[in-house]
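Which chain is which? The protein sequence lines are P and B, in order.
For the first sequence, full-length UniProt numbering assigns the number 19 to the initial residue and increments by one for each residue that follows.
For the second sequence, full-length UniProt numbering assigns the number 19 to the initial residue and increments by one for each residue that follows.
Hints are supplied without guarantee of correctness; some may be wrong.
To be verified - According to the in silico footprint, chain B covers these stretches of chain P (three or more CB under 8 Å from chain B):
no., stretch
1, 22 to 28
2, 33 to 43
3, 71 to 81
4, 88 to 100
5, 107 to 115
6, 129 to 140
7, 188 to 199
The set of hints was computed from the structure by calculation and includes no laboratory data.
Treat the numbers as computed from the prediction; the structure is a model and nothing was measured.
Note that CB positions come from ideal geometry on N, CA and C, so glycine has one too.
There are 2 protein chains.
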Amino acid sequence: ANKEPIKPQIVATKTVARTRLFRIETVDLCFANGVETRYERLRSGRHGAVLIVPLLDRETVLLIREYAVGTERYELALPKGRVETGETLFAAANRELMEEVGYGASRLTYLTSLTVAPGYIEHTTHIIVAEKLYEERRPGDEPEEIGVMPWRLAELPALLAREDCTEARSIAALFMVKEKLSL
Amino acid sequence: ANKEPIKPQIVATKTVARTRLFRIETVDLCFANGVETRYERLRSGRHGAVLIVPLLDRETVLLIREYAVGTERYELALPKGRVETGETLFAAANRELMEEVGYGASRLTYLTSLTVAPGYIEHTTHIIVAEKLYEERRPGDEPEEIGVMPWRLAELPALLAREDCTEARSIAALFMVKEKLSL
Chain P
19 ANKEPIKPQI
29 VATKTVARTR
39 LFRIETVDLC
49 FANGVETRYE
59 RLRSGRHGAV
69 LIVPLLDRET
79 VLLIREYAVG
89 TERYELALPK
99 GRVETGETLF
109 AAANRELMEE
119 VGYGASRLTY
129 LTSLTVAPGY
139 IEHTTHIIVA
149 EKLYEERRPG
159 DEPEEIGVMP
169 WRLAELPALL
179 AREDCTEARS
189 IAALFMVKEK
199 LSL
Chain B
19 ANKEPIKPQI
29 VATKTVARTR
39 LFRIETVDLC
49 FANGVETRYE
59 RLRSGRHGAV
69 LIVPLLDRET
79 VLLIREYAVG
89 TERYELALPK
99 GRVETGETLF
109 AAANRELMEE
119 VGYGASRLTY
129 LTSLTVAPGY
139 IEHTTHIIVA
149 EKLYEERRPG
159 DEPEEIGVMP
169 WRLAELPALL
179 AREDCTEARS
189 IAALFMVKEK
199 LSL
């Protein structure tokens, strides 16, 4: 089970649906054992996304509360957004931070990259820790004002007990930052 | 920022693409401030999915290593799968555990529910902790044998340092179980 597996060959790919936001592709695979099978996957923008962990101080993170149409409720999570063409990860993180939270950061650090559902979604999210914050708001494309909520990392269990905090990348990133800061 | 926001009204929804696995819908929303906007979202099966944290003993979790066509690499993560019509979450968790890992569990516990991208994906994953394992394999629909890898929860940092461990729900669930067991 632990030896390096041989990757299946991609025999063919075909776009089967395309909307404003999404592109769906079929992928015909041939596994090393000869089994052939067809999967579907969701393609994403080529630059991925950033999720920002804004630290107001060493113990306090800034969360945002925003309406999520996928689950039809307000969700409490870390700010995030797409990386635009020509933008570095740090520039994208700082822009999203200014648009969604009203702060810029003098120190940005790459933490890791996470996937949401690697079996059928290409999407990768790069986690960026933002420190040494200063007030700066830039206009974003949000339809209503975003609520910003400071949360002490020591109180992560109380956050996870809330019904509106469910987004896996935010939760994983908060645990990783808490561990890194030894809180 | 902390007062209860008024949910936007869903004015209309329309399916704009449908494939074997995916259904994409446009949603016209009217926010409390009068702003109208159109979003797209991915609908999912109505029963959601389960992600299982199989504990071989109090300190050791069983991971699986499976080819993920979304990211085109083998990913190391917790076993998971869809909940079928008529199945309880626990029955779905035990079935997936038998199919993917070759174990059944005498004790199943609900931990929490996570979302992958609530802003544009409906999908919800229920996290089930599986204990008191016994060997039992059921045939699944996997195209090749799945690698099973035991991992000590105390060595979570080494797991996160691997390039093939990126799936946010698995990482969040492992941290939550580690904290619950005070490891």
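These are the hints, each one checked on the structure:
Coverage of a stretch by a chain is defined here by at least three residues with a beta carbon nearer than 8 Å to that chain's beta carbons; for the stretch 22 to 28 of chain P and chain B the count is 4, and the condition holds. By the rule of at least three residues with a Cβ nearer than 8 Å to a Cβ of chain B, the coverage given for the stretch 33 to 43 of chain P holds, with 8 such residues. As drawn, the stretch 71 to 81 of chain P meets chain B at 0 residues by the rule of a beta-carbon pair under 8 Å; below three, the given contact is violated. Remark: the stretch 88 to 100 of chain P is confirmed as covered by chain B, as 7 of its residues place a Cβ nearer than 8 Å to a Cβ of that chain, reaching the required three.
Using a Cβ-Cβ cut-off of 8 Å, 0 residues of the stretch 107 to 115 of chain P lie near chain B, which falls short of the minimum of three, so the contact claim is violated. Look at the stretch 129 to 140 of chain P against chain B: 11 of its residues bring a Cβ nearer than 8 Å to a Cβ of that chain, three or more, so the hint holds. Against chain B, the stretch 188 to 199 of chain P contributes 5 residues with a C-beta closer than 8 Å to a partner C-beta. That satisfies the three-residue criterion, and the hint holds.
Going through the hint list in order, the structure does not satisfy hints 3, 5.
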